[in-house]
Structures are given as structure tokens and as C-alpha cells.
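Trainee: Take this note's numbering: the final residue in the sequence shown is number 355, and no numbers are missing along the way.
Source of the hints: derived by calculation from the structure; they are not laboratory data. Treat the hints with caution; some may be incorrect.
[To be verified] Pairs of lysine to any residue, SDA-like flavour, derived with a Cα cap of 25 Å: (1) Lys-332 - Ser-349; (2) Lys-220 - Ile-307; (3) Lys-260 - Gln-350; (4) Lys-211 - Asn-269; (5) Lys-318 - Ile-257; (6) Lys-211 - Ser-349.
[Said to hold, decoys possible] What follows is a set of in silico ranges between Cβ atoms, one per label pair, in the way DEER data are often shown: (7) Ile-256 - Lys-290: 30 to 40 Å; (8) Ile-217 - Asn-348: 31 to 41 Å; (9) Ser-349 - Lys-285: 23 to 33 Å; (10) Lys-308 - Gln-339: 12 to 22 Å; (11) Asn-241 - Asp-317: 37 to 47 Å; (12) Gln-326 - Val-278: 11 to 21 Å; (13) Lys-285 - Lys-318: 42 to 52 Å; (14) Ile-257 - Asn-337: 15 to 25 Å.
Glycine is no exception: its CB is placed at the ideal position from the N, C-alpha and C atoms.
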Amino acid sequence: MKNYTTKIPAKQTVGEITDLLTEHDAVRITINNNESRNPKAITFTLIIEEKEVGFLLEANVDATYRAMVADKKVTKAHKNKEQAERTAWRTLKEYLHIKLDYIAIEQDKEARMFKMQEEFFAKMITPNNQTVFQFFKSNSQLLLNQ
């Protein structure tokens with residue numbers, strides 16, 4: 210697993226993600242914290258065709274922890290929730306950076322906004338405050354042509 214040795218605090222990585230999103234035209238960025246006041250997700254808003262479109266990015270700390278525990282390459286000293294949190298956020302930052310670099314290939318700003326919408330479609334927030342993915346997951350019959 211990549212990033213499992215990172216010492217960079219999650220809050221610092223969240224700041225770096227915020228900078229990345231700002232550089233790519235996000236007009237609003239919100240950090241959602243868990244009950245321990247640690248970051249658990251970031252929502253950001255883009256203006257697409259003169260409308261605000263929101264997106265949700267979550268660092269899945271629990272899944273990262275499970276993957277680290279299962280990975281024989283990850284040392285015992287790194288198999289803890291605090292390290293999983295740092296690793297999850299670094300992984301999310303890398304994922305986001307790669308996607309944003311891919312989107313930046315588009316020369317025209319409007320084309321970049323549509324590419325952003327396409328690339329993050331599953332993370333787009335619907336009017337009922339779910340992501341598109343969450344909506345389809347809870348309405349799987351829509352995917353089965355029934």
C-alpha cells in the first residue's frame with residue numbers, strides 16, 4: 210500500500226487538497242469533521258453552466274485501516290487508526306491530483322468544467338443531499354433496466 214509511512218497530518222493534507230481545488234476553480238470548499246473533530250470529507254462547489262454543482266470527497270479511513278492490516282508489507286508499527294487516517298488523506302490527495310491533471314489538459318475553461326463534472330460524476334451531490342453513487346446504490350433497480 211502506498212503512503213502508509215506518511216507522517217504528514219491529515220489536516221495538512223486537507224489544506225493541500227483545498228489549495229488544489231481552489232487552483233481548479235472551486236468556488237466553495239467545506240471540510241466536514243467527524244465527532245473527534247478530525248476531517249472526514251470535503252465538499253466543493255463548481256459553477257457549471259451558471260449553476261452551482263456540489264461534489265463530495267471522503268477519505269475512507271476504516272477501509273484504509275482494513276487494507277493496511279491485511280497488507281503484509283505494512284509494518285505492525287503502521288497498522289493503527291491514526292496512520293490509516295494520514296494514509297487515507299494522502300491517497301485521496303494523489304487521486305485528486307491525478308484527476309485534476311487529466312482535466313487540465315482541456316484548454317477551454319468551459320470544457321474543463323464539463324470534464325470535471327464527468328470525472329467526478331459519482332461524487333456529485335444530488336438535490337436530496339446524496340452523491341450520485343449513493344443514490345444509485347440505494348436505487349439499484351434503476352441500473353438493472355427494470
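Trainee: Run every hint past the structure and note whether it holds.
Mentor: Hints versus structure:
1. A threshold of 25 Å between alpha carbons decides the hint, and for Lys-332 with Ser-349 the separation of about 17 Å falls inside it, so the pair holds.
2. Between the alpha carbons of Lys-220 and Ile-307 the distance comes to roughly 20 Å, so the proposed pair stays at or under 25 Å and holds.
3. The suggested pairing of Lys-260 with Gln-350 is violated, with an alpha-carbon distance near 29 Å, which exceeds 25 Å.
4. With a CA separation close to 15 Å, the supplied pair Lys-211 and Asn-269 stays within the 25 Å bound.
5. Straight-line distance between C-alpha atoms of Lys-318 and Ile-257 comes to about 10 Å, which keeps the hinted pair within the 25 Å bound.
6. About 32 Å separates the Cα atoms of Lys-211 and Ser-349, which puts this hinted pair outside 25 Å; it is violated.
7. The given range of 30 to 40 Å is respected by Ile-256 and Lys-290, whose C-beta atoms sit roughly 37 Å from each other.
8. Evaluation of the 31 to 41 Å hint for Ile-217 and Asn-348 yields a pass: the beta carbon distance comes to about 38 Å.
9. At about 39 Å, the CB distance of Ser-349 to Lys-285 disagrees with the hint of 23 to 33 Å.
10. Between Lys-308 and Gln-339 the Cβ separation comes to about 21 Å, which falls inside the hinted range of 12 to 22 Å.
11. About 32 Å separates the C-beta atoms of Asn-241 and Asp-317, a value inconsistent with the hinted range of 37 to 47 Å.
12. Here the CB-CB span from Gln-326 to Val-278 is close to 36 Å, at odds with the stated 11 to 21 Å.
13. Our hint of 42 to 52 Å for Lys-285 and Lys-318 holds, since their Cβ atoms are close to 49 Å apart.
14. About 19 Å separates the C-beta atoms of Ile-257 and Asn-337, a value consistent with the hinted range of 15 to 25 Å.
Violated hints, in rising order: 3, 6, 9, 11 and 12; the structure is consistent with all others.
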